[in-house]
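If you read the sequences in order, they're chains A and B. In case it helps, the working numbering puts the first sequence at residues 457 to 753. In case it helps, the working numbering puts the second sequence at residues -15 to 274.
Take these hints with a grain of salt, some might be off.
Said to hold, decoys possible - Okay, the calculated bits of chain A under chain B, using three or more residues with CB under 8 Å as the criterion: (1) 486 to 494; (2) 512 to 526; (3) 554 to 566; (4) 632 to 640; (5) 655 to 666; (6) 692 to 701.
Bear in mind the hints are in silico, worked out from the structure with no lab data behind them. Each residue gets a CB set at the ideal place from its N, CA and C atoms; glycine is no exception.
Here's the letter readout for the chains.
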Amino acid sequence: MAGAAPRRVRTVVPDPRPPLARAGADSLLTRVVLTTLACGFLGLFVALPIVSVFTEALRGGIHAYVEAIMQPDSIAALKLTLLTAAVSVPLNVVFGIAAAWLIARYHFPGKNLLTTLIDLPFSVSPVISGLVFVLLLGARGLLGPWLEAHDIHIIFAVPGIILATTFITFPFVAREVLPVMQEVGTDEEEAALTLGASGWQILFRVTLPKIRWGVLYGVVLCNARAMGEFGAVSVVSGHIRGLTNTLPLHVEILYNEYNMVGAFAVASILTLLALLTLAAKKIVEARQAAEPHGTIR
Amino acid sequence: MAVAADAVAPAGATARRGRRFGILPGFGLSLGYTIAYLSLIVLIPLCGLVVKSASLSWAQFAAAVASPRALAAYRLTFTAALVAGLANAVFGIIVAWVLVRYKFPGRAVFDALVDLPFALPTAVAGIALTALYADNGWIGQLLARFDIHIAYSPAGVSLAMLFVGLPFVVRTVEPILLDLDPQLEEAAATLGASRRQTMWRVILPVLLPPALTGFALSFARGLGEYGSIVFISGNMPMRTEIVPLLIVTKLEQYDYAGATAIALVMLLASFGLLLLINALQAAMTRKGKR
C-alpha cells in the first residue's frame, strides 16, 4: 500500500480560491448534477458507514453500550493501544525531525534514495510488515533461537506489537516535517549560528518553534495510524485476550464471536478517535496557514 | 562543534560552495541517527524477508507462487484494486472539482469527509461497510431485491478498496485545480470554445496526470489492504480470498516458506508501483516548473 496523503495536500489549505472563471462558469444544471454526484459518493461510501457504526453500537441501548466498553478485555485492549502509541509515536517524532533536518539542511550524495527509503513502509502491505518481523524475530525466525535462549519474547508479545506499529507509522512525521522545514529556510538558523548558538540551541530555540505545527500535524496523523493499525499488528500479536490485543484486534474478536453490539461499541471509540483526528488536523492546518513562514517577526 | 567554529564566515551561497554539505552543524549526528534508525526499523527487517526467500529452492518458490489458489488470489486482488482505482479516479476528479469550484452549504463537512478513510482504522471500516452492504443492511436490502450482493463477493473486496483509496485522487487533483489559471478557461472561451470543449480539451488534460498519480496510489493501497477486506469478503479460497489474507493463512499454518514467497511477489509489485508513482510525480513537478 502506498500510504498517506500526497505531500502537496497542505498547500490546499490557505483557501486562496481563485474567483470562478467568469468566462467559463458552469451552468446551473452542471453544478447541481456534479455536486449531487460528489456529495452522494461521499455520503454513500464515507458518511453512511460512520453513521452505521454508532447506530449498530447503540442498537442494544445505552446501557449495553457502556457495558460492552467497560468489559475488562476492552479496557485492557484500550490500555495496550495507548501504550503502543505512547512508545512508537515519540520514536518516530525524533526520527522525523532528525531525518527532515538532514534532508532539508544538507547536500549529500544519495539524498533522493534516502527520501525514497523513508517512504518505503507506505508501499509495503501491512500484512507483509508484520510478516518481516515474524521471519526475523519469531520462534522459527533468523534471530528466534538466540532470543529464545536469552528468554526475550518479542513476537506474540507486546514488544512485537510496538515494533510493527513503529514500522507502519515510520514515515508519517518525517514526510510532514520535511516540506515545512524546507519551506522555512535556513536564514534564521544561519543568523543564530553567526551569533554563536550551538547546534542544539539552534534546533530548540530557532528551528522547532518555527516548524511546530508541521511536527504536530505529523504527530496527529502518526498517532491515528498507530492506534488504528490492524494488519501488521494482527500478524505479530498472537491474539491473546487481555494481553496482546489492541482495540482494532478486539473489534475483530468480538465481531467473529457475533457480539455485534460489543464489536461496534469498541469500533465507535476508534471512530471517535478518527473524528477527533480530523478535527485536530483542521485546527493545525488553520494555525499553520496563519503562521508567517520564513519571515523574521 | 567543529563546523560551528569556522562557520562564522558569511553564510549563504558562498559558504555553501566552500563546504561540501552545508554550514549548519549536526550533519554527522543527524545522518548517523537517520541511517541507524532506518536500518533498524525498516531495512534490516525487509532484508530478512529477502534472506528468507533466498533459502527457498526454486521448486518450493514456484509451487507457492503459482499454485491455483495463489493465482486466483492475485487475479482477484489486482482486478478489484483496478476497479476501485478507476472508480476513485472518476469520482475523485468530480469531488475535487466540486470542492474547489463550487460553494454550497456543507462544503466544509464534505471536504473533511474526504480525509476520513485515512483516519478511520481499517477494521472499523470493514465491519461498518459489511453491516451496510450485507443482505440485511440498509443498502444491502435494497440491492438484494435486484439480486445484487456486495458483501461476501468480489464486489465487496472492491468496495473496501474503494473506501481506503478514496482520498488519494481527490487530494492529488485538488492542488493542481487550485493552481489552474482561470485565464486559460477565459482564453478558451474568447477563442470560441464551448464550455464542453473547454472542459474536455483544456481542463481535463491538465487534471489527467495528477489523477493518474492518485489512481496509482489508490491502486497500490488496494493491493496491500487487509483490515477492511477480511470482514466484507467472506474469505472463501479461490473466490474471495485476497493475497494478503493468503499470506496470513499460510503463516497461521506455519508454512513460512509459502508465505515468504507470495509476500516477495507482492513486495516486488508494490515497489514497481512506487517507482512508477515517483516517476509520475517527478514528471508533474518538472512540468509545473516549466
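Structure-based check of all given hints:
1. 486 to 494: It holds, with 6 qualifying residues against the three required.
2. 512 to 526: violated (count 1)
3. 554 to 566: Coverage by chain B holds for the region 554 to 566 of chain A (8 residues, Cβ < 8 Å).
4. 632 to 640: This one is violated; 0 residues, fewer than the three required, reach chain B with a Cβ under 8 Å.
5. 655 to 666: With 3 residues close enough to chain B, the hint holds.
6. 692 to 701: violated (count 0)
When each numbered hint is compared with the structure, violations occur for hints 2, 4 and 6.
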